[in-house]
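Starting from the given sequences, assemble the full structure and let the hints guide the process.
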Amino acid sequence: MAKTNPGRFFEDYTVGQVIDHAVPRTVSGGERALYHALYPARHALYSSDEFARASGLPASPIDDLAAFHVVFGKTVPDVSLNAVANLGYAEGRWLKPVYAGDTLRSTSEVIGLKQNSNGKTGVVYVRIKGINQNDEVVMEYVRWVMVRKNNIDAPAPEAVVPDLKQVLSVEDLVIPEGLDFSNYDFTLAGEPHRWGDYEVGETIDHVDGVTIEEAEHMIATRLWQNTAKVHFDLTFRPDGRLIYGGHVISMARALSFNGLANAQMIVGLNGGAHANPCFAGDTVKCWTEVLDKAETGAPGVGAIRLRLVATKGGEPFVLKGENGKYDPNVLLDLDYWALMPM
Amino acid sequence: MAKTNPGRFFEDYTVGQVIDHAVPRTVSGGERALYHALYPARHALYSSDEFARASGLPASPIDDLAAFHVVFGKTVPDVSLNAVANLGYAEGRWLKPVYAGDTLRSTSEVIGLKQNSNGKTGVVYVRIKGINQNDEVVMEYVRWVMVRKNNIDAPAPEAVVPDLKQVLSVEDLVIPEGLDFSNYDFTLAGEPHRWGDYEVGETIDHVDGVTIEEAEHMIATRLWQNTAKVHFDLTFRPDGRLIYGGHVISMARALSFNGLANAQMIVGLNGGAHANPCFAGDTVKCWTEVLDKAETGAPGVGAIRLRLVATKGGEPFVLKGENGKYDPNVLLDLDYWALMPM
Amino acid sequence: MAKTNPGRFFEDYTVGQVIDHAVPRTVSGGERALYHALYPARHALYSSDEFARASGLPASPIDDLAAFHVVFGKTVPDVSLNAVANLGYAEGRWLKPVYAGDTLRSTSEVIGLKQNSNGKTGVVYVRIKGINQNDEVVMEYVRWVMVRKNNIDAPAPEAVVPDLKQVLSVEDLVIPEGLDFSNYDFTLAGEPHRWGDYEVGETIDHVDGVTIEEAEHMIATRLWQNTAKVHFDLTFRPDGRLIYGGHVISMARALSFNGLANAQMIVGLNGGAHANPCFAGDTVKCWTEVLDKAETGAPGVGAIRLRLVATKGGEPFVLKGENGKYDPNVLLDLDYWALMPM
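Protein chains in written order, with the numbering used here: chain A, 1 to 342; chain B, 1 to 342; chain C, 1 to 342.
There may be inaccurate statements among the hints.
[As the list claims (entries may be wrong)] Mimicking DSS-like on lysine-lysine, the simulated pairs with C-alpha atoms at most 27 angstroms apart in a straight line are:
| # | chain 1 | residue 1 | chain 2 | residue 2 |
| --- | --- | --- | --- | --- |
| 1 | A | K149 | A | K3 |
| 2 | A | K3 | C | K320 |
| 3 | A | K293 | B | K3 |
[Unchecked claim] Covered stretches of chain C (in silico footprint by chain B; criterion: 3 or more residues with CB under 8 angstroms from a CB of chain B, positions within the stretch not fixed):
| # | region |
| --- | --- |
| 4 | 14-24 |
| 5 | 235-247 |
[Stated by the list, open to error] To list a few chain B residues with every Cβ distance to chain C over 10 angstroms, as calculated:
| # | residue |
| --- | --- |
| 6 | I19 |
| 7 | Q133 |
| 8 | A154 |
| 9 | V161 |
| 10 | A189 |
Simulated from the structure, these hints should not be mistaken for laboratory data. For clarity, every value in this text was computed on a predicted model and none was experimentally measured. Ideal Cβ positions, reconstructed from N, Cα and C, are used throughout, including at glycine.
So, in structure tokens, the structure goes:
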């Protein structure tokens with residue numbers, strides 16, 4: 001019996017199947033410090049216990065995207081080892097902040113399957129849950145990937161394509177218990193711009209950039225226990241190690257501090273596309289478009305829906321060409337909801 | 001209204017102005033571990049809780065220079081975003097050790113302004129304070145930088161040049177409460193040389209060297225939430241990302257362990273010059289000259305004033321050429337007070 | 001008196017001598033997070049406090065090899081600063097798990113000396129102990145190195161070659177107090193293969209690989225306070241910084257998760273050879289041969305003896321050439337005992 005994990009192929013999935021992923025992970029101040037060392041992350045709620053307490057939380061949580069990466073990394077050996085493309089995200093919700101000392105595990109439920117017409121691959125839809133040591137779901141999201149078949153002759157499953165929300169409504173969002181921005185300190189947070197200062201349609205060039213190094217993206221990707229070999233083994237990818245898409249997400253989100261310092265907590269992920277691959281040597285910059293705004297009912301807390309676009313060159317605010325395809329300089333097109341002081 | 005931070009220009013400062021800097025930061029064992037991973041730091045008081053307790057402290061503090069960097073990083077968006085040169089430091093004092101769990105913020109008071117004769121730039125002097133969650137000042141220092149004017153026609157302010165001490169006297173230094181080197185373990189500390197073994201005028205070649213990598217200085221600089229783009233964005237600095245001067249300070253200080261293992265705590269910063277820029281690929285070495293010695297009154301604790309010079313090649317003990325200018329191989333010339341067992 | 005450490009030379013050692021090494025080290029969640037960021041480490045017992053508690057331990061320990069490196073690093077200034085070759089390991093035993101908050105120091109007892117026939121070098125055998133803050137020995141191992149003489153005319157000491165066990169027997173191994181794999185969760189651990197599924201003589205190609213970067217091996221090596229200049233100073237090693245052998249050990253062990261996810265705890269080190277040097281740019285892969293199996297008496301806990309071979313290319317399962325010498329692609333040949341659920 002072969003001992004190494006060959007990963008699952010398209011014919012190994014069935015709708016309704018629930019996969020409990022290995023390996024649970026306890027996070028500490030170490031993960032938090034590394035997150036701040038790997039990304040220019042400065043959102044005050046994730047930097048200072050005192051700021052978090054003044055906002056009604058018991059302490060400064062682990063960055064929302066760090067929680068996302070921990071949950072995501074566990075799914076790789078079961079979901080994307082034989083994936084040929086990472087197609088999309090939807091219905092992502094952060095349900096509880098994650099704190100130092102919490103232990104996270106992940107599960108995936110297969111919610112859709114559709115074999116491609118070529119008969120060689122198919123699309124697998126999974127709803128992923130991150131669960132803490134108290135069996136509380138801390139986040140969930142849908143991810144779909146194109147996966148190879150191992151046995152080309154395996155019959156195509158009945159096609160099931162889940163009906164996913166294009167955009168989460170503000171009612172879908174979960175505001176962390178106790179969150180209160182009534183006494184928000186804009187000086188300590190770094191910018192004076194409040195929820196009311198942003199207009200739908202407004203665009204922001206975040207100006208700053210980071211040129212990516214191999215060591216950094218590998219350190220980050222390993223930290224989330226994502227061990228897909230494309231990110232690490234140059235003999236497997238002689239044209240260059242492909243950078244984990246989540247590294248670009250975190251880099252862009254951190255860079256967006258400059259102009260969105262008060263978009264503190266990410267609570268919803270409406271969708272996301274890794275438009276082009278990223279390699280070491282690329283300089284990541286980003287821009288944002290304000291897509292929507294909503295009130296939340298929590299004291300002083302507004303919700304803002306943002307499109308975050310990461311690029312590796314070119315001009316800001318260029319997303320797609322006339323052919324409707326992403327501009328070759330666009331790395332990421334992410335649609336998310338954040339919470340902001342009103 | 002533009003949302004990104006353009007930074008302050010020379011005409012935006014007034015003497016007496018106090019700037020509260022964003023973003024507060026809670027430090028943990030994570031920052032401590034990263035400091036030891038980024039620099040060959042081995043001073044026992046900062047490595048072992050047991051050693052620190054045997055010296056009268058409650059636990060091993062965060063490295064003094066890590067505290068310096070955390071405090072410094074916060075000042076960058078408000079003080080040096082439009083700086084053209086980092087001119088000097090003075091009157092730096094560490095007033096309280098910083099421990100895991102502490103939250104730091106920074107303030108700067110403008111204590112001097114002097115427009116340059118070209119009318120395009122001016123020198124800004126600020127006294128920076130690092131403050132913990134109990135509103136205690138943990139360190140303070142004066143920094144002065146040359147800053148661009150945005151509006152060339154803005155009138156020159158009345159020139160105010162603060163009267164700064166060339167050197168702190170031993171009475172200016174604050175010895176951490178409870179510090180006691182009476183039962184100092186020289187074996188565990190790594191070297192037998194005590195305060196009495198060093199002579200004023202003595203020079204030490206610290207022998208070891210580290211060749212700097214891009215990933216390392218960026219990880220370090222981000223950890224201190226210093227996001228000045230010159231350090232990160234190769235498209236902004238096509239000749240090479242400029243390494244944060246504080247990275248060179250910490251590297252040299254850590255390398256000076258070999259010969260100064262017992263110069264445990266840094267308590268005073270008399271002055272410092274970043275003599276030449278440092279880039280990835282440079283091999284940093286260092287040497288020290290003993291400038292002064294003094295008794296402190298604390299049990300077994302002596303003070304030693306040291307000149308620490310970091311180089312990127314050349315011979316040790318070469319500081320300046322016949323023209324009075326720094327040798328091109330000199331990166332850093334730092335003048336500090338440390339505490340040592342007598 | 002020269003202040004820097006020249007290291008010990010062959011003539012400076014005497015059999016029976018005990019060397020107390022500097023610098024003690026308190027480990028935290030920071031070291032743990034860094035270990036997971038630097039290596040693709042996924043063994044569940046070292047990743048999750050919950051998984052460790054379900055196995056009868058109070059919390060998730062620091063990785064066994066991290067403990068090894070902390071203990072090893074301290075010996076470098078006293079044992080291998082003037083070493084020309086790292087010859088071997090034997091009789092390595094992990095006696096107590098190391099947890100966040102523990103402080104470790106090291107001692108070496110010289111147990112053997114043998115001058116080489118060239119009269120210029122000799123072999124020094126030391127038994128190294130890692131000791132925690134409660135004066136408990138947490139691990140011990142024998143290491144022998146070839147060291148230069150400083151004074152060629154110093155007389156050769158009486159040759160003493162210790163009688164070392166080729167292989168530890170299962171009775172030599174110490175099972176951590178309370179360890180119980182009766183209710184082991186194979187799903188959370190990542191693989192279904194239990195102790196009974198492995199056969200002596202079986203070989204496993206671990207498939208995955210990591211291309212090594214300069215920044216990563218330096219960060220790792222510094223974290224263990226191993227400051228041997230060959231690893232850091234390119235002006236000292238213009239042909240390339242030599243990668244710390246322990247970095248290869250940890251990389252290979254972590255990669256062996258894929259096929260040995262349940263070989264949770266390392267409890268014995270029978271021997272090890274760094275067959276060829278490793279440099280940045282090498283892609284490390286590994287394979288394992290099952291050498292032996294034994295029952296331990298602890299509930300559900302079996303012992304498995306494994307040969308772990310790290311390579312930098314070539315085919316798996318190639319160890320030595322017809323001349324009996326290691327294949328030039330072999331980096332490491334390690335023989336260890338691990339604990340596995342039965």
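If any of the earlier hints don't hold here, list their numbers in rising order. 10
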